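Student: Keeping their order, the protein sequence lines are chains A, B and C.
FYI, in this note's numbering the residues of the first sequence are 1 to 255.
FYI, in this note's numbering the residues of the second sequence are 1001 to 1409.
FYI, in this note's numbering the residues of the third sequence are 2001 to 2255.
Treat the hints as calculated values from the structure; they're not laboratory data.
Treat each hint with caution, since some may be false.
[Said to hold, decoys possible] For the chain C half of the interface with chain B, some residues (derived, Cβ under 8 Å), not all of them:
1) Ser2189
2) Met2202
3) Gln2204
[Unchecked claim] Derived coverage of chain C by chain A (criterion: at least 3 residues anywhere in the stretch with Cβ under 8 Å from a Cβ of chain A; other residues may be distant):
4) 2062-2075
5) 2078-2091
6) 2096-2105
The model shown is predicted, which means the values in this text are computed figures rather than measured ones.
Cβ atoms here follow ideal geometry from the backbone N, Cα and C, with glycine treated the same way.
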Amino acid sequence: MIRIENISKKFRRLQVLDTISAQLIPGQVVSLIGPNGSGKTTLIKIILGMVRPGSGEIFVDGHLISTDPAYREKIGYMPQIGRYPDNMKVGQLFGMLQHIRNASDEKTDKELIGLFELEKIFEKPMRNLSGGTRQKVSAAVAFLFDPPILILDEPTAGLDPLASEILKEKILQGKRKDKLILVTSHILSDLDELTSHIMYLQEGKLQFFKDIDTLKEETGELKLGKAIARIMKGEQFSNNWIDKIMTLRKDEKIY
Amino acid sequence: MRISFFIVLFFSFSCHARTIIVGANESCHSLKQAIIIAKDGDTIQLKPGNYKEGSIILTKSLTIIGENSPVLDGENKYEILLISGNDITIKGIHFRNSGYSALNDFASIKLVDCNKVTIENNSISNAYFAIHVSNSAFTVIRNNTISGTPTSEQLTGNGIHLWKSNNALIENNQVKGHRDGIYFEFVTFSAIKKNLSEKNIRYGLHFMFSNDDTYTSNTFRNNGAGVAVMYSKKVRMEANHFEKNWGPSAYGILLKDISDSYIIHNTFLKNTVGIHLEGTSRMDIQENIFKENGWALKVQASCEDNDFHHNNFTGNSFDVATNGTLMLNKFDNNYWDKYEGYDINKDGIGDVPYHPVSLYAMITEQNPNALLLMRSFTIQLLDRAEKAIPGLTPENLVDNKPLMKSLKL
Amino acid sequence: MIKLSRYVLYDIVRSKIILGYTLFLLIISFSLFQMEENNSRAMLSLLNIVLIVLPLVSLVFSTIHYYNSYEFIELMASQPMSRTKILLSEYAGVSISLLSAFLVGAGVPVILFAADATGFALLFTGCCLTLVFSSIAFWASVMARDKARGIGLVLLLWFYFTLIYDGLVLMILFNFSDYPLEKITLLLSALNPVDLGRIFIMLQMDISALMGYTGALYKDFFGSGTGILFTASIMLLWMVLPLWLAVRKFKKKDL
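Chain A with its partners taken away, still in its complex shape (with noise of 0.2 Å):
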C-alpha cells in the first residue's frame, strides 16, 4: 500500500533522513518511533507529498506520489499540531473540506465529531480553541473521508484521557477495517495495545522495522516498551529517548 524506497532528505546540511526503505501494507497498525529530531515528521510529510525527498521514491496503492496529488483522497492526516486559519469556523472547516473534496454526506465519516462533541463549538473561530479541541478537530478531520490510509503523528499528546480513549477506539475499528495506520509517538503506552509493527528512526535512519510478535519472541518480553528496551540495550543503544519511553512507562498510572 505504501512502498518506501530509499528515501534521503536534507535540511541544509543536516541529514534528517537516511536512505529509508519500507513496505507498508494494509491491516497494519505501525507505530513510527523514535527521539525527537529523529526524522519521524519528516518521514510522514514526505509519504504526504508536503515534503519533498532529497532522493528516493514513494509509491501509493502503487502510484508515485510526485505525479498526481489525487493519492492523498486515500490518506486521512492527523497532524502534531493541528494548525488552521485563524477566522475561519470549526463548523465551516469540515464544511469546506467537504465542499473542495466534493464529498457527499453518505461518504464521510463524521463518528469522531460527535463522539467529540465537536458540533457545540461549531460556531467558534479556530483561533479561540485550545491545543487539545484543536487535536480533537484534526483527528475528526483525519477521519472525516473514511480513508484506507491514516497518518496520525503523536495524536494522543494533548488529548484528555477520555478522549484518548475514544480515538483508540477509532483507530481499532479501522484496525478492523483493515485500514493502514502510521502512527508516531513517543509515549508506546498508549498504542502498544493496538500496534502490530514497530518502524524505528534514530538519526535519520531506519534502526529497524518489525512485527510485534517477532519482537516479543526476540527479546521475550510481554511489554513492548520493554521488549523495545531489550533490543535498544542489545544492539548497544545507549540514548536518553529509551530511559524517557521507561520513565513514562512508569509515570502511566498518572491517567
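With chain A's structure known, arrange chains B and C on it following the hints.
Tutor: Okay, now just chains B and C, sitting in the frame of chain A:
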C-alpha cells in the same frame, strides 16, 4: 419690364450681352470663348458640366458664376485660371486637377497684379497651389473649400498663398491637405477670419514679413507644424483655436522675430507646444487658454519685454520651458493649475510666487530622452527639492501674483 | 480552484483590511475630485496613488496574507490538491480582493468625475499594477524564509521599482547623453512595471508632449496602437512571470 426681358434674351442668344451663358447645350460652349466675347462688367454664367480648356487667362472685369459647381479640369497639366485685372469675381466653380510645375508655382487660380478680385464659394481639389495671389490689393477670398492631395513638402503647394499684397480678406475658407494652409509673405493690412485650416503638411498658417495684419476666430488643427508667424510687426492674433498640432517641431504658434503684437483670447488645446517664442519682443499675451499642451510656452532666452498675463494654464505637461537662466519677460495674474500656494487674505491672489519652470522642464530641454520619466515619483521628488531650494531654474521667471481660481474665458 | 479561491476570498473579506483600503481610496478620490477646481489636478494626485501607494499596498498585503494563510496552505497540501492549484487559488483570492477594492475605491469616483480616456487608462493601469505587484509579492513570499524577511524583501522591491529605478535611468540618460538612447530608454521602461504603467497613462495624459519627441521610433510608438499593444503585452508578462516563478518554487518547497 417685358422689353428688358427681351433684351436680356436677345443678348444671351447672340453672345454679345451682359450675361453670357456657357454650357454644352448653349450656343457658347467654352469659357474661353465667352471671355473673348465678353466686355467689362459682363457676367458669365457657367452651366453644370466638365470643362477641359487648358489654361484660361482673364484680364477683363467680369463676374464668372458657376451653376451647381461646374468643373474646370486642369487635367494635371495646366494652370486653370490666371487672373490679372480689376473688379473680378469668381464664384461657385469647382477647380480640379491643376498641373504641377517645379519652375512656376502652378495654381488652380492665380492672381497677378490685381485689384478688388473676389474668389468666393469655389471648391478646389487636387491642386498644386490652390489660390495663388501676388502683388494684388483688396483681394477677397471667401467661403472656398480647398482640399489638396498631400504627398511631400516639395510636391505640394500652398492652399491660399499671398505674396506682396495688401488689404486682403481671407474669410470662412476651409483648407486641408496642402503644404501651408494659408501663406502670407509681404502682406499688409489684411485680415484672416473664421477659416479652418487642418491636416496640412507644414503650417496651418505661415506668416512672414507681413505687418499690420489681424487674424481672428480661425481654427488651426492637426497641421504638421502648427502656425508660424515670423519677421513681422503689429500682428493681432485673436480668438483663434489651435488644436492638436503634434510633432517634434509642431507649435500652436511659432513666433520668430515678432514684435509689438497681440495674442488675445486664443485657445491652445493639446498642442505639442502652445506658443514657442524666439527673438520676440513687446508682445501682449493675455486671456488665452492653454490646456493639455505638452509645453504651454517655450520662451527662448532671446525674448524680451513680453507680457504674459491673465491666462489660464491647465493640464499642460509643462507650463513653461526655457533654454537659459536669464528671463526678461513678465508673468503676472495668470492661473496655473500646478500652483500649490495659499491665499490667506482671500484676495484671490496667491501669497507665494509661482515659478512656472520646473527643474524637470530644464532637464528635458537638455536631454529630451528624459521625457519618458515624466510624472515619475523620482522626478516629482527632484522637482520638490528644487522648489524648496531653487538652484537651477531661472529665478526671475516668476508669477508674483498667481491667481487662485481660473479665469472665466 | 474556484472553490478554493472562494474560501481565500472569504477569509480576506473577513479580515477588514481590504475594507479599510477600499474606504481609504474612496475617501481620497472623492475628496480630490471635490476639492480641486479642475479634474486635471485630481487626476494627477490619483496617478501618484496608482503609481506609488497601490504597488505598496499590493505588495505588503499579498505578502502578509501569504504568511498568514500558511496554515490554510498546509491544510490544503494534505488534501488531494496540487500545489499549483493551491498557490494560484491564493493568488486569485488576493488579487480579486485587491482589484475589487481598487475598482470600488478609485473606479467609482473616476467614472463619476472623469470618465474619459485618461480616466480609463488610469483604472486600467491600476488594475494591471495590482495584478503585477501581488504576483511579485507571491514570488518574494515563496522565496523568503519567514514573514519578516518576506516583508523586508517586498519593501525593498517597492523602493526599487518606484524610486531607485528611475533615478538610475536618469543617471544613465545623463552619463550617456552623447549616444542615441531612444531604444534603450524604451527598453529600460519596459523593465519596470511602474514605468510601464506610467507611460500607458502618459499616452493619454501627455500625448501632446510625447509627440514632441524626435525620432521615428517614438513617433511610431506613441502615435499608434503599437504603444498600447507593447505596454499591455509587457505588462501581462510582468503578471505571469513572477507568478510562474513562484509556482515553480512553491512546487518544490517543503511546507
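Student: Each hint should be assessed against the structure and marked as holding or not.
Tutor: Verification of the supplied hints:
Given the 8 Å rule on beta carbons, the hint for C:Ser2189 holds: about 6 Å separates it from the nearest Cβ of chain B. Annotation: interface hint on C:Met2202 holds; nearest CB of chain B at approximately 6 Å, less than 8 Å. Residue-level restraint check for C:Gln2204 is violated (minimum Cβ-Cβ distance to chain B is 10 Å; threshold 8 Å). Coverage of the segment 2062-2075 of chain C by chain A holds. Counting CB-CB distances below 8 Å, 7 residues qualify, and the rule asks for three or more.
With 6 residues having a beta carbon nearer than 8 Å to a beta carbon of chain A, the segment 2078-2091 of chain C meets the requirement of three or more and the stated coverage holds. Only when three residues or more bring their CB closer than 8 Å to a CB of chain A does the claim for the segment 2096-2105 of chain C stand; here the count is 0, and the claim is violated.
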